[in-house]
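Listed in order, the protein sequences are those of chains A and B. Here numbering that gives the first Met the number 0 is used: position 137 in the first sequence is 136, and no number is missing along the way. Here numbering that gives the first Met the number 0 is used: position 164 in the second sequence is 163, and no number is missing along the way.
Hints were generated in silico from the structure; no laboratory data involved. Values in this document were obtained by computation on a predicted structure and should not be read as measured data. By construction, the Cβ of each residue, glycine as well, lies at the ideal position given by its N, Cα and C atoms. You may find that some hints are simply not true.
[To be verified] Ranges between beta-carbon positions, derived for each pair:
1. B:Ile-201 x A:Leu-122: 28 to 38 Å
2. B:Ile-9 x A:Ser-181: 20 to 30 Å
3. B:Tyr-48 x A:Leu-229: 23 to 33 Å
4. A:Ile-26 x B:Met-120: 38 to 48 Å
5. A:Thr-199 x B:Leu-27: 17 to 27 Å
6. A:Ile-34 x B:Ser-132: 31 to 41 Å
7. A:Ala-249 x B:Pro-200: 46 to 56 Å
8. B:Gly-51 x A:Gly-14: 46 to 56 Å
[Said to hold, decoys possible] Beyond 12 Å from chain A on every Cβ pair, some chain B residues (computed):
9. Ser-40
10. Tyr-44
11. Gly-87
12. Gly-88
13. Ser-91
14. Phe-145
15. Ile-147
16. Arg-202
17. Leu-243
18. Ile-247
19. Trp-252
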Amino acid sequence: MKRYIQYYYMVNLLGFKRMTYYTKSFIMELIADLINIVVALLFYHILYLNVGKGLGIPIEDLFILVLSVKLTGDLYNMLFGNGVHSFAGHIQYGSLDNILIKPMNLFFLLYCSSLNWKCLINLAIDSILFVILLTRYSVTVNAISIFNYMIVIGLATIVFTAFNILIYLGSIIFVRLDAFASLISSFFSLSTYPAVIFKTTYLRWFFTYIIPVIVIGNFPLLALKGGQSLRIYPAVVLCAVFFTAIAYLATMKMLKHYKSASS
Amino acid sequence: MRNYYVALGIQTIKEAMAYRLNFILSFLVVIIPLAGQLLLSKYIYSMGYQIGSWQLNQLLAYYLIATIASEFFSIGTWWDIGNDIKNGGLSSHLVKPYSYYWHNFSVYYTLRVVSISFALMVAYIAYVVISGSLIPHIQANSILQFLILALITAPLSFLITYSLSILAFFFTDIGFIMKLLGILLPFASGNILPLDIFPTPIRVVLVKLPSAYLVYHPSCIMSGVYNWNEFVQLVGEALLWLLLFLFIVRWLWSKGRRSYEAIG
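This is chain B alone, in the form it adopts within the complex (with noise of 0.2 Å):
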């Protein structure tokens, strides 16, 4: 079965290859918001102000690790499921010998491996042309923590975005919560400024979801903020928002298949 799924992610590089352009230029989509941002905080920096803690350079850096942050560990409504589930297609995954939840595992992380390479690409040349450092201040022990944390956030984004795409199940139209996704989760993930910045109230409650642990902890952690301990506790934490949308999707899978109707 293993074999199955290697040669589906090949597939789907392959697919996505066949529009080269397109697929180059959604990577690039990613630059220009982040040019923004780099240039506002230049210039806030450039007047002799400062960012809640953040030094310039920090500043800088978080972003650029944002951008790949959430590039990387995404979440939305997967179209493909969506779609499975609205006009019937899922009944020819659900026959066949596989899981239809590592079938799209596969499939969505392929893509975000390659976008990730290109995002890569892309961030750290905006980082350079604003900052004018041809290296980012990152140290050895951050890159080890993001790494860790990336093995729990990784399958949690996967989760998150999978549940969303199989309430298919139940709503005729699910596009309202990609855009509701898309307005939110670039604030409230830290995206456009770090959580720590935020109003006390607002802050306890952002930085606590399950949208931080995908682009805000990670970040931080990239730029050097978190001790071991405060990290062990941030894993902790991403473990039991894992273990909840474990057993949200597998809850939600099984009642949705009971009202599955496969006529579309």
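Excised from the complex, chain A in its bound form (with noise of 0.2 Å):
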């Protein structure tokens, strides 16, 4: 453990060195990042103004949807997003050798060690929003509620996770993957939709058990909300179980497969 505990700070402080180094690129990567949040927020706001309760749910908890998918991604690029990332180019370019010869824990190694220090200051500022969102419209929240949004938060991260290994995996078998990841990818544009534009139970179950959508957004604002959400967490828990055991087996199958002479 103290091994891992070791390798994560090195490398992960040679990664801050590296980005005070880009200062430039890191504050316009940050500055795109509030634009989106933003353009995001002004779209259910524009949305509201036209048609009010039209939207189903009101609109503070369109507003807590939005930033939950958010919250969820940037939790996601922060520990995770880098290494997943880049196994791609690792199976592109043959360069996987070199996480392969490690006497470590191949799951860690690929996915789990590298840190975007920039998602911390996302996170920073996602927080701030939140805090102007529950008081600007005195939404209703209590320890415990907080609690069960922050457990469902990180189980969303978790689900969210398994998922896009299983999309970079792909790059085993095919030589171009990025319209592929692209498409897969494009459903979570769906997330920061309320699920009642889902009408039949049909597409509920799909965009919760095949492709978790749902559990990206919707599932976490139902744990903030209370109320009738008991039924989500055994649905969330048996996602992130599912999802992550599936991803750990198959990136250890598929790893069988690599010739280490690149694409």
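With the hints as a guide, bring the two chains together.
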């Protein structure tokens, strides 16, 4: 365990130094992220001005939904995104060998060892936006609902990570994975929509257990709001366990097909 | 020289076809966000509400056209140009007897024409599935207006792309511009919401920006919103943007050429 902590510390210390060297790029990306969230919130604000209750849920809930999706995305990008996204590159250029020969757990080395420092700032911004939102719209929350919310956000991040791992594992089969990854990722653009737009049970089931779009935004919202949300906990735990197990087994199995010759 | 551009176009198609699956999948990407917009709109109307002055069928057709228009008239940074400038590859083009501008125009629009045919199919399927109607409500007049405007907006979108790409003469990393455009453009161009439902101060600015002439106005035209008088005014404004970007491109190119050192 000590070895892993040391490795994690060293790798991410170097990552931090690299980030401070490219300050301009860091600030630019931060600005882009801020604009992104403002645009997403503005989208619902404008719709709300036009149709009010026609959106099915109150405007503050829609804002919480958007922020929850961003929070999940930022947590994923901070803890796992670097590793998961670089997997395709390792396969394409044959550089996976450098990881395979290290005497450590492959899953850890591949996906969990690299921290994205920029997202730490994003998380701080998300928290500030949450506080502004909760006070501006007088949303009633208590310690338990916030605790539940954090748990569901954590599980949603695990689901999102495992799902992304499964997508990027495709790079062992496909030479060019970018369009395939974009296609599957584009489903997650639906996560900022309220679940009520998926009218049929089949659609809701599909977007919970096959492509877990509803788990990312709508489940955390339900956890924060309490009420009829007890049903979500078994579903989100089931998704987290199922997707993580599949991602782990698939990684180990697919790596057996890796031939170290690039694609 | 015309033969060169035709051959280049054919070569571009062959190159794209080498990665067929990747190419086809990239068109399917447009269907998912479109499906989200259509589902949300249908839900709002099923609750008895209306978005702006748009009837449901009109709005669904708007989103369909906006998706296609944003594919065809897309703007951003063209990776090839940025890379040529950054790595010194531009030199090999400059010594050859063709225009670098038209060379890239051929490649860019060959890919667009191929992609639009796929985008049309994909968007039409999404429309039929969500709306339940086989024929979008589009009038012949609207198609004529759209084609006239397309003659201006197609070169305009390329001029904007070209001018953004040759910023690589002055900046080491133009990737940020692409990222920012990817966030702002769908919103500012009317791709995710028709601009006329925006609050007045934002709307009056956005409808006059070039991005609106690439997606919002063409989509409104196809939805039959403009009469001929309004259309003529629109064409005049689009021409002004075209001239402005023509000037900007010439200015940036001549300034960039002077600073280009051919060593990457």
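Violated hints, by number in ascending order, as checked against the structure:
As far as the earlier hints go, 9, 10, 16 are violated by this structure, in ascending order.
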